[in-house]
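Protein sequences, first through last, are from chains A and B.
No gaps in the numbering here: position 41 of the first sequence is 41 in our numbering, and each next residue is one more.
No gaps in the numbering here: position 22 of the second sequence is 22 in our numbering, and each next residue is one more.
Please note: incorrect hints may appear among the correct ones.
Heads up, incomplete: computed chain A residues facing chain B, CB under 8 Å, no partners named [claimed, not checked]:
id	residue
1	G55
2	T56
3	R59
4	Y95
5	S99
Derived DSS-like pairs: lysine-lysine, alpha-carbon spacing no greater than 27 Å straight-line [unchecked claim]:
id	chain 1	residue 1	chain 2	residue 2
6	A	K135	A	K118
7	A	K93	B	K110
8	B	K168	A	K47
9	A	K47	A	K118
10	A	K118	B	K117
11	B	K123	A	K47
12	A	K34	A	K64
13	B	K339	B	K289
14	A	K64	A	K118
15	B	K168	A	K93
16	A	K132	A	K80
17	A	K80	A	K64
18	A	K64	B	K168
19	A	K80	A	K47
20	A	K135	A	K47
21	A	K118	B	K168
22	B	K117	A	K47
23	A	K93	B	K96
24	B	K123	A	K93
25	A	K132	A	K34
26	A	K132	A	K64
27	A	K80	A	K34
28	A	K93	B	K117
29	A	K48	B	K168
30	A	K47	A	K71
31	B	K489	B	K478
32	A	K118	B	K123
33	B	K492	A	K118
34	B	K123	A	K48
Keep in mind that the hints were calculated from the coordinates and are not lab data.
It should be emphasised that the depicted structure is a prediction, and the values quoted were computed from it without experimental measurement.
Just so it is clear, CB atoms sit at the ideal spot from N, CA and C, and this is done for glycine as well.
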Amino acid sequence: MRALIFVLASLVVASPAPANEELVFIVHADNPTKQISADELADYFLKKRGQWPNGTPVRFIDRKAGTAERKQFLDSFVGKSPRDIELYWIGQKLYSGDSAPIQVGSDAMTISVVSSFKGAIGYVRGDLAGVKGVKKLEVTGRQ
Amino acid sequence: MSAFVQSSSIIRRLTLLISATALFFLISFAGSYLSSVEFLRGLTRVNEANRLFSLSSRISESIDSSAQVLAEIGSERSPSGPETRDHESIFKSAIKQANEGLDDAIARAKGFSEVRKHLIQAKRSINQITETSGEVFAELRELPPGYPIPAGTASGLLVANQYELDAKDAIRKVQIDIRSLSDETFNSVYSARHRPLLVGISLAVIFFAFAGLIGLSITRRLAISVSNLLSATDAVARGDLGYTSKIYSNDEVGRLTHAFNEMVSRLREQRDRSRRLQDVTSGLSRALKPSEVATVILDHGLPPIGALGGSVCLLDLASGEFELLTSAGYPESVVTRWKRFSIEAHAPISDAARIRAPLWFSSLREVRERYPHLSAEEAGNTRALACLPLVVEGRVLGVMAVSFVDEREFGQEDREYLLSLAMLCGQAMHRAILFAETQEAVRVRDEFLSIASHELKTPLTPLLIQVQGISRLLVRGKLHSLPPERILKMLKTAEDQVGRLGRLVEELLDVARIGSGKLSVQPETTDLSRIVREVVNRFHHEFEVAHCPVRLELEPEVIGEWDPFRLEQVVTNLLTNAIRYGSGESIDIRVRAEGAVASLEVQDHGMGIQSKDQVRIFERFERASPSNHFGGLGLGLYITKQIVERHEGEIRVASEPGKGALFSVTLPRHRDPQKNAA
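Produce the complete structure using the sequences and hints provided.
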């Protein structure tokens, strides 16, 4: 927990410039999956698929609506507008009971939550150097 | 009765119909019960689902409450100790409620697998919430007042929040499933709402088709059969017994029709038989002779029962022999052989007469069993035989035998008919015999009257002449001119004629007395030899006239208790016959005493008596010679025999034609006191 605090603090301090433009997808450190396709990613996000290949339930960690990361994620990997997504989740809630993935406010939070759930997957913009508890996930075939 | 095979049954069909109806109702009830059960099950399921729904709503509320607590904690900058405790208790109670609700729901969701899965998932999430929130609350409790929530705790809150969301997702899924389940159930029940009606209608259609078919098949034939039977009964009521109803089906009505036909044909047979018996009766009323009776019986009585042969035999009690009167249907040789036979013969007819009861033989085998010696020729075509004795007033007159060419069980009807026929035959035979006897008696009486009038006239005429002669002489006054010897002679002649007449009249009176049982016999001590001598002396003149020398062998004194007057009659009669039929040959008379009896023998050597007449001559008005040849009434030997028998004696004759006759009389010398009561 302290390490985490330290990491978070250092991240805030050590990155004056805008972070890397690329979204980096992270999963829990114990997740054996190394690479997925963009379609798979979209499926995980839209809860069309609920389990990793090894059976662990997927828990997508989204970013808060309106943030740039989210916008980038939606544009590049899902191909739907936020409005579409909103409507989608209204419909899903009604018809399948699934609710929208949790939305966190920062990379640090994302990392924190992802490292708490074995099946978690989230996206960050920053650097992952020295971050423990999560690892990078390759996503191929972006939109 | 011809056989009727019942191959179908109205009753069975009706039973089938009733069973089908019952089955139909049963199936209908079962069907409607089943469909209502299904309906109920659907309703029950929907009801259960609704309960689960409301339960899950309450669970959801509890989860919300706990989530709210976490959210409140998260929103506070620095939660204080007491507030933490409040939060924790509220949180724990909410979680507890949620857990209880979930346990209840899981228990109720036994039949809802998908729902149960989600509920279990929710429970898992609640457990994770409890775990995570436990850590969070622990950290919060250690937090000094005024301190902000550390990041780790915040992170923990976030994780707990995530689990809360998972739980809520699961409950939401539960509710969505329940809703679609209810819809499904309702839709299936609603869409199947017509099914009971359709099933009922198709069952009803099948049933009515089935029942209709059976009903039609029963009633159609039944109606025809019954109306046919009704016209048949009408015909029979009118007296038309030739009706035969058609049998349309081999069921109970067919059986009834068949039985009816059989009954009508039996009635017809009986009517024919009684008509035939009437023919027999009217035929018999015209039959005067036994042979005529037998002919009527065989011609009219046998055809109605299908007999093709028969015979009537009369029994002569004196000789114990049967005489075959008439027969039909037997070969000539058999008829000749059985013309006369003894009652002791081992044959069906004799046996029936002896036991005085009918004998029934239903097959040739039965006849052979009892009479193995009967030849095949005698059996002929006979396959069944009935022998019935003709019994009238306790006496067996004869036997009627009836034979058939087929084996025959003699049932009640056959026996009654044949017994009636035998009774008619017996009575008619009895009448015919009596009639014949009456005719014979009349004939004999007429013959006697003609002889008697002739015989009585014979002495009367010369007597009248003599008397008239004397009275004429007296009238003319010429009587004194005649010599007294002449007048005496005339009177003597007259006296002789009177004597002769007197004897004849006495004989007639004796016969009358014998007939009424009043022949008087007054026994006294009598000497037979003396009587013989006296009679011989009296007949001296007659012996001379007939030129019959008489030889006497008389024992000196043959004494016995006899009526001398009657004995004189006997001797006189025997001597008269000897003279009359002696042909001028010698006559021997012997009288002997042999112990307790006396014997008298009169032997002549004249024309003799044929054996067939030797019995007859002792009967009334009988003479073994042409009627007018020798005069007399033919009563002599009859009276003689009666007198001898009244003395408990015997009279016999031994003779051959041309060799004379020997009459032997034996008389007991002393009467038996016990026998005296006559």
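### Query
Does A:K93 lie within 27 Å of B:K168 when you go C-alpha to C-alpha?
This hinted pair holds, its Cα atoms lying about 11 Å apart.
### Message
Next pair to validate is B:K492 with A:K118; report whether the Cα-Cα distance is within 27 Å.
### Response
violated (196 Å)
### Query
Keeping to a limit of 27 Å between CA atoms, is the pair of B:K489 and B:K478 held or broken?
holds (16 Å)
### Query
Is A:K47 close enough to A:K71, meaning Cα to Cα at most 27 Å?
With a Cα-Cα distance of about 19 Å, the restraint between A:K47 and A:K71 holds, given a limit of 27 Å.
### Task
Using Cβ atoms only, decide whether A:S99 comes closer than 8 Å to chain B, and label the hint accordingly.
holds (5 Å)
### Task
Quickly compare the C-alpha distance for B:K117 and A:K47 to 27 Å and report which way the hint goes.
With Cα atoms ~18 Å apart, B:K117 and A:K47 stay inside 27 Å; holds.
### Message
Against the 27 Å threshold, does the CA-CA distance of B:K123 and A:K93 hold or violate the hint?
### Response
This hinted pair holds, its Cα atoms lying about 20 Å apart.
### Task
Compare the distance between the alpha carbons of A:K135 and A:K47 with 27 Å, and conclude whether the hinted pair is satisfied.
holds (21 Å)
### Message
With the threshold set at 27 Å, check whether the alpha-carbon distance from A:K135 to A:K118 stays at or below it.
### Response
Measuring from Cα to Cα gives roughly 12 Å; hence the hint holds.
### Query
Is the straight-line distance between the alpha-carbon of A:K132 and that of A:K34 27 Å or less?
Holds, because 16 Å separates the two Cα atoms, which is no more than 27 Å.
### Task
For the pair we were handed, A:K80 and A:K47, check the Cα-Cα distance against 27 Å.
Measuring from Cα to Cα gives roughly 15 Å; hence the hint holds.
### Message
So, as I understand it, the hint says A:G55 touches chain B; can you test that by seeing if any CB pair is closer than 8 Å?
### Response
Violated, because the Cβ-Cβ distance from A:G55 to chain B comes to roughly 14 Å (cut-off 8 Å).
Of the numbered hints listed earlier, those contradicted by the structure are 1, 2, 16, 33.
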